[in-house]
Amino acid sequence: MTDAPAPQDRDSTTAVHRVGNAARGVSYEEPLLFERSRPGRVGFELRELDVPAVDPAEVLGEAAIRSEVAGLPELSEVEVVRHFTRISTWNYAVDLGPYPLGSCTMKYNPKLNEVASRLPGFANAHPLQPEALSQGLLALIHELEQHLAEVSGMDRVSLQPAAGAQGELAGIMMIRAYHEQRGDRRSKVLIPDSAHGTNPASAALNGYDTVSVPSGPDGLLHPSAVAAAMSEDVAALMLTNPNTLGLFEEHIVEICEIVHAKGGLVYGDGANLNAILGIARPGDLGIDVMHFNLHKTFSTPHGGGGPGAGPVGVKHLLAPHLPVPVVRRQDESEGGGFTLDYEFPRSIGRLHGNFGNVGMLVRALAYIRSLGPAGLRRCAEMAVVNANYLLARLAEEYPPATRGHVMHECVLTDRRLEAHGVTTLDVAKRLIDHGYHPPTIYFPLIVPGALMIEPTESESLEGLDRLADALLDIAREAREEPERVRGAPHHTRLARLDETRAARRPILRWQPAGSE
Amino acid sequence: MTDAPAPQDRDSTTAVHRVGNAARGVSYEEPLLFERSRPGRVGFELRELDVPAVDPAEVLGEAAIRSEVAGLPELSEVEVVRHFTRISTWNYAVDLGPYPLGSCTMKYNPKLNEVASRLPGFANAHPLQPEALSQGLLALIHELEQHLAEVSGMDRVSLQPAAGAQGELAGIMMIRAYHEQRGDRRSKVLIPDSAHGTNPASAALNGYDTVSVPSGPDGLLHPSAVAAAMSEDVAALMLTNPNTLGLFEEHIVEICEIVHAKGGLVYGDGANLNAILGIARPGDLGIDVMHFNLHKTFSTPHGGGGPGAGPVGVKHLLAPHLPVPVVRRQDESEGGGFTLDYEFPRSIGRLHGNFGNVGMLVRALAYIRSLGPAGLRRCAEMAVVNANYLLARLAEEYPPATRGHVMHECVLTDRRLEAHGVTTLDVAKRLIDHGYHPPTIYFPLIVPGALMIEPTESESLEGLDRLADALLDIAREAREEPERVRGAPHHTRLARLDETRAARRPILRWQPAGSE
Amino acid sequence: MRYVPNTEDEVRTMLERIGVPSLESLFSRIPARLRLDRPLALPRGAGEQEVLGALEALARRNACLDTHRYFLGAGVYPHFIPTAIDALASRSEFYTSYTPYQPEISQGTLQTIFEWQTMIAGLTGLDVANASMYDGASATAEAALMAMRVTRRPKVVVSAGLHPHTREVLETYLDGPGGKIVAAARGPDGRSEGVGALVDDETACVIVQNPSFFGVIEDVGDAAKSAHACGALAIVTVPEALSLALLRAPGALGADIVCGEAQSFGVPMSFGGPHLGFLAARERHVRQMPGRLVGETVDARGKRGFVLTLSTREQHIRRDRATSNICTNQGLMLLRATIYLALLGARGLRELAVQNLALAEYARSRIRATPGLELPFSAPVFNEFVVRVADSAPAALARALEAGIVGGLDLAPFAEDLGPAILVCTTELVSRADIDALVAALAGDPR
Amino acid sequence: MRYVPNTEDEVRTMLERIGVPSLESLFSRIPARLRLDRPLALPRGAGEQEVLGALEALARRNACLDTHRYFLGAGVYPHFIPTAIDALASRSEFYTSYTPYQPEISQGTLQTIFEWQTMIAGLTGLDVANASMYDGASATAEAALMAMRVTRRPKVVVSAGLHPHTREVLETYLDGPGGKIVAAARGPDGRSEGVGALVDDETACVIVQNPSFFGVIEDVGDAAKSAHACGALAIVTVPEALSLALLRAPGALGADIVCGEAQSFGVPMSFGGPHLGFLAARERHVRQMPGRLVGETVDARGKRGFVLTLSTREQHIRRDRATSNICTNQGLMLLRATIYLALLGARGLRELAVQNLALAEYARSRIRATPGLELPFSAPVFNEFVVRVADSAPAALARALEAGIVGGLDLAPFAEDLGPAILVCTTELVSRADIDALVAALAGDPR
Ligand SMILES: Cc1ncc(COP(=O)(O)O)c(C=O)c1O
Ligand SMILES: Cc1ncc(COP(=O)(O)O)c(C=O)c1O
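Chains as they are written, first to last, in our numbering: chain A, 1 to 516; chain B, 517 to 1032; chain C, 1033 to 1479; chain D, 1480 to 1926.
Extracted from the complex, chain A is given alone in its bound form (with noise of 0.2 Å):
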């Protein structure tokens, strides 16, 4: 790598300084931490040792030792700070602006569950240590269990699921659990087209067949689809609702009844909770067994991918089923307290090596502490003002994908665009120069096209208009300068990427230069 500027960069530069929201600034290069490493660097020092030195190779025996470890760089503290502050400027992130993720509900993730989370009493217990000296951590996991059923109208909540997908699993391992033990082997899930990916991949995963049920044209779920798949060798239907349009599955009742009726049983898909905190509870509306991600409904940051938690709620009758271990309070006759439970003969067993992540489930309480009834429920007022109130200054410019009023997100599309040339993935380009993140774009699958936006409850009117005044001017950039679109990014500090390239050769870590 040189510093000289590269030849073609000279001419690139027919950009504008200034666009919307952003305008062209400084961005600092950084190689990767190899390239930056020097034999002899210490960017750490050891405490002295106060116990005799020992030599590995007496100890394990030469041929059980590494000689040297691979793959390390060397650097001073300096350059390690200097690295990771450098390249984390390369990110956007909720904290810069808003991050209009559909189905990802990027709110604002307040700075106290971050204090909260990090308590030492919390951030430096062991999962092991006796449970009289986790009381602490045992009454927030219970209290935290409690919120949740009663937020979600389910009966019982466990916390275990490290994310969505795993309370996904849970969920539909609890159904299988449910079936056989009733000595019902059934061997198919019903998901409906517009789903999340991960359900039909957690019903896989779990040894079941999928088969996708058709959206109605209005975008809804309808009896009569559900109806037509639905058999004694279905043991369960997955659905989200609000559903991945940002509708309202307004059949749900019917739906779950057809499911019943056939001794099936009805997993709810909670990504999209936050439309009804408050509001309404999937639990009355006939689910038997659903996931909550805590990192999109109760506000844990989302880390660049992860970590998140997702808890997973039932109907009695799948109670028996739960992943153990399992928090109960006990009597005052056990001494009062709280204890881990694992006799749960038929539980599914254990889905994670420790209790989930116990530092997710903190910054959901402090949320929901934080929130009570009213707050929250404000919450799933506001995510839905605001997607309605883009919609409305969108629509034009931006066919929808439904018709009518959406919950907390709203599905448009590049259909007005396509004359010019121009795609959703170039909007979503040109939005970065804008000064914002795209929206998901192509998801759901079933609308072609698809920009796929929720605001959240986090932005403000004005915020909305602004983001709002970007997409338009898009479009209308895109009926005048259509190239300029298709060429987005023009600001940032890399240009569009090759993916495709980078599949077709993959290169998936570094190595020095000749080594291969």
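Everything hinted at is true.
Distance condition first, Cα-Cα at most 25 Å in a straight line; then the derived SDA-like pairs of lysine to any residue: (1) 188/A / 1353/C; (2) 1782/D / 1016/B; (3) 1782/D / 1027/B; (4) 1782/D / 1023/B; (5) 704/B / 1791/D; (6) 1335/C / 484/A; (7) 778/B / 748/B; (8) 1335/C / 38/A; (9) 1257/C / 57/A; (10) 1257/C / 68/A; (11) 1212/C / 344/A.
Not close to chain D: a few residues of chain C, all C-beta gaps over 12 Å, as computed: (12) 1411; (13) 1420; (14) 1449.
No lab work stands behind these hints: they were computed from the structure.
Being a predicted model, the structure only gives us computed values, none of them experimental.
Even for Gly, the Cβ is constructed at its ideal location relative to N, Cα and C.
Use these hints to put chains B, C and D with the ligands onto chain A, whose structure you have.
Same frame as chain A, but now just chains B, C and D with the ligands:
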């Protein structure tokens, strides 16, 4: 403010996309807090009051209270977080890269120090709580005093001054007290022409007339010049060693003798102590009183302009005049432990409402404990090697103000650029495009077009090479494309700012549109 | 509400623009009888001072590294966490961003993952590492499923010292897909015995935990040979990733998949999570790997950059044919571990591993010299080992607790045959004096 | 050394390029006899674990908000600090940057200062605020010096309730320039008396601390009138900036300069520092103000931006003619306070002030009702007040400490005439139960 690009921006994009250490990127716009404010938003919710509410007008009288709080905005937490996150990205920082500001010693600020200073027992202690409840902090203050005395070769140290300039003030006050107590009223303070502005200002603030002593052509203070200015009316000479040209004052011992012979004292500005840590000690050179800048030499962060800490060290003869209170280790007979001593009748008094910037003292102690004697010396050595290396690489294009090797910083000039109409200011601004903070410019005042570069020990060889490459590239550009250098910076969100306009018609606070 | 900016005035403006008379009407698609007609029964909302106060009170009711000395490991290891990690991982550009689906504004995350993949490939001695799994236990289960996909066989042979929790998770995961688990026996020296005899042509893989649950170092090479002899894959699962800095790389010993838990690399214990599962494999199996992968590519101007790649393996593209259902993973923990490894570097990590070994050796020598205490296993260990006490494990641990020490894990629920035995772990957080105090307490010598 | 990247190899390369044979030779300009011939006598360098361990041990030897309830104010106020402040002020773009001399890459700091200046102007009711002073005490001294410059007079009249520490700092600062300080007497209601009689045509300014050291609210308007009648400036120094949210703006009452301590706005007590001095004045005196000022301007493309301005007042330009010698100030604390004020906003700050008042009123009502306790002063107070106890102040405070309460300041060293008296402060960190416990302890009622 509108979101549409200003028309002139359209044409201002001759910039290359990438230069040196940096590339063009997206920068986020952000208005003033007040412009984001909307009546009724809240960013914080108070606890519930568990005592009877009061009506302030009733308790305090209508006349005593104000009807509304002016000057404050109304925002939600998410907006406040985004506001400051976004505007933070407009700053350069040590954690982003080299910050070669001469005289400021912008070294790396270890993260350990930040953690230590935030420990509840330090951060949440009250300065007036009983001594028995503050033994850890008093011990810490006492220990740091000892260490600074050892590092500097002074006999006693007070940690009270809040920054270097207040340390100077304290030092000059002690000098005054010393003379006055001997019935010796003196009116002048000698200060080399290369000195930092705080030196004359501190002397003047203390009621002294300052006399400027010219540096020799070699950049050093010469005994003859001091002798010529020295008299029995001179209370002290203030000098900086190494001086602001980055040179060790070789004649220091002789100079101190000249001053002492006429009854004067020598004040040492310790801003450049980093260069001689563990190698030479001001106290051994003849200095009677000096300040330390913990935010330079001892790695406490500069915080965008403070806080710092400016402890003052003295020889025995000035010890009776140290500021009060003084932390004293009690004899076993007094029960051991540490106590605050106020009984110094000849003290200059108190300089700070409490004990000074204690949070900075914690950081400095963590630093000294981390480095130890060998580490501190290593810092000095590396600071000096780094400065000389840069000097060697740059001397040809940027003729230095001094001859031969330097200590921890070097002063270069724009002499060779003059012919092309490019100045030090232009070079500084162009360096920003390369991804660096510029050096200190036009200081010391005695060097026309000075570029004062202090890399510090935090930089690596290859980091220095990149910085040197950038400066050499700018020199080349100054010859080939001078208008490009003169127009810099090109990549920043804001172009060069009009400082004259700001001073001519000062706008020092935001006012609602139309309010004036 | 401090987290919600819009005011009543603004809501009115928006409703007008939307063209509805009230908030209510936006929810009109939810049949009225399905709507909740009461507020949720939750504690009232509160300000920061109250919420933080309540949570601090809960936090104070737990023992932790700040109140006790820990000799408790068993899959979750107390290690010192360099201060730069919190400082960097708290940058909101990292923790408030999403999965890097839009590479042009996610290079910070993407480059970090690429660096992590490189480091894990190096530490495990394999070609390709993914962008994290939920934890060591589920990583092990995913490794088994991967081996089942590669070999199209159902049987999984596990070593004697597979962590009982990992074993349970494996069972949970393998139940649906119809996997069968067979465990080797524990030999007298503490290591697995007779793995080879269990492997047959139904066997998808052999899974060896190393170091084992009992702390001993297993013969990975031998297990791998047995697996390969029958066309099965060799999987090594590593509960204490620090051991990789010292022990021969599993890849070099024949492992085809190496997975495990990297919580030791700068991730707080946090009562068991979030932690950091990892999984690495040989290049030829990359298309059967679960989880995200980041690859190098170039941008339209020819500059190097990184993107998520090979996503046709993943659920969001492949749906029911995906290699796993994992979506959200443990990204932020991966960042922490990458910073940790960058700070310690090749030398520092090795040195730390040797320190852990030295502490264990010292503790074991003290135990050997202490009447009433016994080391039941003779095989070498890394930083964890089993101690047999004279009276009862709970009594011994209670004595340690009196001295402010969380003394280890009572093995009774996991390996009754061992008698009164405790699993003890020594990391750099304990000093010689702590070890002496522990030994005295376990032996019943009141201090 | 972890903070120093260069290796021995690299040093060799550099020395070669420099053209010297050894490191030593770079120091050859330091005469050999002046060079230290031994290592410094300091503790050996150590890694993070050891250093942090040692400092944690020191930290644990102090009482703090996490171990006790505080009723101690007296110039340093325990308040709740919203969590967003630490999160934002820990961004290294803020805390590892320097004074914003290069505006193009310092707009974050500059805009923050401009926002702060606006807020302080609004809170004080004046036109211009500077970018911070070291603390309230030195800000008061600088205000006095400023008044002396403006009026070219030497005498400074201070109110009876000027904090004794502030008074000492004022004396220290005024000694060199030859200022004279005269203090008003304390009247029976706790307020200053006869300020007017002390002002004459030698008087540069009247300084009124409000609320006073004894917590009472002074008659600022009256003092300002007295000052103006003789051509002197009226200075108000505010020890508890939160009071500004409730009390009439000093500028509106005639103050020409308002200074004080804004530690209450989100700055930790930190055993007394770093805190946040502020200073505001009328536009006509701006050129005599000490400290940095940020002004609005435009860039070469016409876009708004901010720069340091009017720096001809400052030492780096004006040297011995500067308005002050201040250089490094309290920038990061200013950032914290600006975030604090942005979060609380106009309403929140007001509401918090009223809460503090309500707690003080409740405490005073309880004290009035408690035999043995007395409120010696009748003037109104904000969140702090004097209590006279029956026995001795140290004994009363010792009883409070037994209940886990730091009960206030024993006034004996500061105002002997008051008898056994304690200065008590009630902020939102104390609850009704805490107040009840304090009152009981002070009264000698064992709980
Ligand atoms: C609708 C839906 N279901 C399930 C998931 C999976 O959740 P997780 O990523 O937490 O595993 C997602 C995540 O994006 C989702 O959007
Ligand atoms: C040589 C010199 N002396 C004194 C000072 C003043 O120190 P402070 O800014 O800590 O008040 C400085 C600060 O830049 C300096 O460089």
